[in-house]
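Asker: For reference, the chains in residue letters:
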Amino acid sequence: MLPRMVVDERAEVLENRALSAEYNVVTLAAPDIAAAARPGQFVMLRTAPGLEPLLRRPFSIFEIVRGADGTARAISILNKRIGIGTGRLYAVRAGERLDCLGPLGQPWPLSAGARTVWMVAGGVGLAPFATLTEALVARGLALRLFYGARRGEDLYYADWFADRGVDLVVTTEDGSRGVTGRVTVALDRALASTTRDDAMDVYCCGPTPMMRAVAARLADAGRDTWVSLEQVMGCGMGGCYSCVVPLRTAAGGTHFVRSCIAGPVFAASTLHWEGLAADHG
Amino acid sequence: MADLSAPLAALTLRNPLMAASGCFGYGVEYADALDLSSLGAVVVKGLFLSEREGHAPPRIVETPAGMLNAIGLQGIGVHRFVKERLPELRARGAVTIVNVCGVTLDEYVEVSRVLSDHEGVAAIELNISCPNIKAGGIQFGCSLTGTHDVVAAVRQVTSLPIMPKLTPNVTDVASFARAAEAAGADAISLVNTFLAMAIDIETRKPKLTNVLGGLSGPAIRPIAVRMVYECRQAVRIPIVGMGGIASADDVVEFMLAGADAVQIGTANFADPFLWSRILADLESYCTRHGVTRLADLVGAVHGSRTSAEPACRPS
Chain V
425 MLPRMVVDER AEVLENRALS AEYNVVTLAA PDIAAAARPG QFVMLRTAPG LEPLLRRPFS
485 IFEIVRGADG TARAISILNK RIGIGTGRLY AVRAGERLDC LGPLGQPWPL SAGARTVWMV
545 AGGVGLAPFA TLTEALVARG LALRLFYGAR RGEDLYYADW FADRGVDLVV TTEDGSRGVT
605 GRVTVALDRA LASTTRDDAM DVYCCGPTPM MRAVAARLAD AGRDTWVSLE QVMGCGMGGC
665 YSCVVPLRTA AGGTHFVRSC IAGPVFAAST LHWEGLAADH G
Chain U
2 MADLSAPLAA LTLRNPLMAA SGCFGYGVEY ADALDLSSLG AVVVKGLFLS EREGHAPPRI
62 VETPAGMLNA IGLQGIGVHR FVKERLPELR ARGAVTIVNV CGVTLDEYVE VSRVLSDHEG
122 VAAIELNISC PNIKAGGIQF GCSLTGTHDV VAAVRQVTSL PIMPKLTPNV TDVASFARAA
182 EAAGADAISL VNTFLAMAID IETRKPKLTN VLGGLSGPAI RPIAVRMVYE CRQAVRIPIV
242 GMGGIASADD VVEFMLAGAD AVQIGTANFA DPFLWSRILA DLESYCTRHG VTRLADLVGA
302 VHGSRTSAEP ACRPS
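Residue numbers (the numbering used here), protein chains in the order written: chain V, 425 to 705; chain U, 2 to 316.
These are computed hints drawn from the structure, not numbers from a lab. One should not assume that every hint holds.
[Stated by the list, open to error] Label pairs and their calculated CB-CB ranges: (1) U/Gln140 with V/Glu558: 48 to 58 Å; (2) U/Asp36 with V/Gly605: 48 to 58 Å; (3) U/Gln140 with V/Val609: 51 to 61 Å; (4) U/Ile202 with V/Ala515: 39 to 49 Å; (5) V/Ala623 with U/Ile202: 43 to 53 Å; (6) U/Gln234 with V/Arg517: 18 to 28 Å.
For each residue, glycine too, the CB sits at the ideal point set by N, CA and C.
For reference, chain U alone in the conformation it holds in the complex:
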């Protein structure tokens, strides 16, 4: 039996598999079907201070090897979350990471403060990268100073590990990783979805009510792997990688690129029981390759050959 545990800042996760925010509800939806404590962590759906209704349907559309979503961060707000969902997550033994949203800097701070006041939150993932809402989030995540400011402000009010979730919709994601690290982030997670669009050629209208949506799924995986690779070269803090992961092979690929842990989102929609299968397959990978400690694979590709120079990088 290989050691599958995943050190992540102050945490040591049982294994590197996390349910990705926005793809697993508040976790409790899956509590009757799965043992939530068997996951490395559950990252719950993004929370603002108050409830949000989200966008009008249709909210998703399938594309080749992927899907677009424009949910619009429908959610119950942090106050209802700590009262109505967090107790069950605790009772089920879930390592709970909360995805924190904000329209303003103050809102990120206040949501984080509320969460820090409650037992049962293991870490905060700062959502500065949702492509689907006009105000908040992405306006911070697409600006180096915005990224720095959100992390630094939240750092002031919590001792929980902070993990900003980075958008891939920028020219040089590694510079955002550096900004997050410099502001005191304990880890980073990437990538959020790629801003994208699909058009119905019969009606000549966008397929999503919101017109634009975020692309996820296997279609984006090689780009996400590249971005994790670039960030691993740029920062020392742990990286949580995601983007189209659906198998143990994909998990290993992200870890080799530099991810300390991974998140799985879209693949969970098609197969909510994939967790135990991936863990078993990770075990067999380790056995096959004589790996005693899975975490030893993290970033291993970087030593294997001369590091790639980015083809283009802003000065």
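Okay, chain V solo, but in the shape it has when bound:
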């Protein structure tokens, strides 16, 4: 594991841009975290002062915002309003300050051998792919993003990825944009035209059932998938043991590891998906 240079920045909200009635992007002036963060890491945000909510919430670092000289100055968060914490983050105003702890967690592994990279995102699971894209574009790799949502209007930042040369494959369940169906439909088609010898890495983030389905298809094709999990998390530091995920053991059993420090990124082949799925009903 990496040595952890964790800092807590009292970050000013520079911008809160609503994307829809559910989604928004919040830009936070957290220069130390922005400078240290690696693709796929997260922060713990205190979304409101006081005791409600009591705990911070984990959020993937979405973009690293740089100044004209290239210096990292801020991070952004892609947020979907679901509960108290995310609802609060949806409503923050520019000028407010939020305690922002990070960078936390293990980043996406970047293998030396890959020539092609597939990224598979569902909904707010798009968040950890902007930093990954920047890192991989810098390495000159060919990137493809499979990006699925229920409706066309729920697909955000497609241009951001297209502008960076990412080959974008969008899917919508209602057929309003791109391929009709779930992201696995597009993935199946693409897999049919690849061979096992292609040097390729696959990264996935989205709802747990979607990640499980994606990883199963890739496994059938003889490939592993890096998945970024989202668990109920108490502290983000390894202190509370609440965010555990079940890994398979050599003996055929399972072993809980803390998602905050061992993850959030895991090789799909190491996870006990049945146990993970049970957590999410």
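Given the coordinates of chain V, work out where chain U should sit on it, guided by the hints.
Answerer: Relative to the frame of chain V, chain U by itself:
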């Protein structure tokens, strides 16, 4: 500069702030972020003889001004702890107190014996109060004879200070403090969490996989202060108070009630850097009130007015 040191049995802690067991991993998780030696002590996660997997998630849920947990004492066991974690805690200068668990009396004794054989353990906190596991712990902590027997048995095998951690889930916590003192405890710590429950009204199911969990956080603080106050009247041994502490004001309140030192748990989840802020605020409290030695505050509320008679106490 006031003297913040906290005498605790054979120990003199640099200050009264301890990281609470179960809320700070094995301490090493925080070693890159904090100077562990700046804390009064680090109380590491509860240890059995062997490794434990704990409960299936979800293991925590937030409640008003608090949280429920049912981790189930997942842990690496005492043997891996002394080999893999204790050396780093020593190297970092942490005053390490180990929370000792057992399914049986013999297990408490054996874990304590193993710890006593290793350099770097400052004291033992006996976990007889975890509400989340069926076997062990609470069955001792909810019985006066069980509490006495665990302390007395561990007393036989270690010269380390012994500090049983008491449960609040009893009618009269002070009688358990007396049982611990009579059995040879060097100190007591209290309170562990309050057994509690939260239900999802949409799915009509308990929010925790374990159904029940332990309530912690500011929600329990006034009850914990009352219990420390009651125990201070009941025993002479030092008391380590905890329950929802998040600020220097809270620390002072527990000390006035009778705590010689305190533990901080849930608040550390929300703010892992709270230690230095609380220490600075304790300094300013002392300056403001002309206190030269923080330990002088311990139990000060007891002299201030006629001691309260408990409203109800079993005979």
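Asker: Take the hints in turn and mark each one as holding or not.
Answerer: Do the hints match the structure? See the list:
At about 56 Å, the beta-carbon gap between glutamine 140 of chain U and glutamate 558 of chain V stays in the expected band of 48 to 58 Å. For aspartate 36 of chain U paired with glycine 605 of chain V, a C-beta distance near 54 Å keeps the hint of 48 to 58 Å intact. Range check, glutamine 140 of chain U to valine 609 of chain V: about 55 Å between beta-carbon atoms, so the 51 to 61 Å window is met. The given range of 39 to 49 Å is broken by isoleucine 202 of chain U and alanine 515 of chain V, whose C-beta atoms sit roughly 24 Å from each other.
Distance hint for alanine 623 of chain V and isoleucine 202 of chain U: a CB-CB separation of about 51 Å, consistent with the stated range 43 to 53 Å. Checking the proposed 18 to 28 Å range against glutamine 234 of chain U and arginine 517 of chain V shows it is violated: the Cβ atoms sit about 50 Å from each other.
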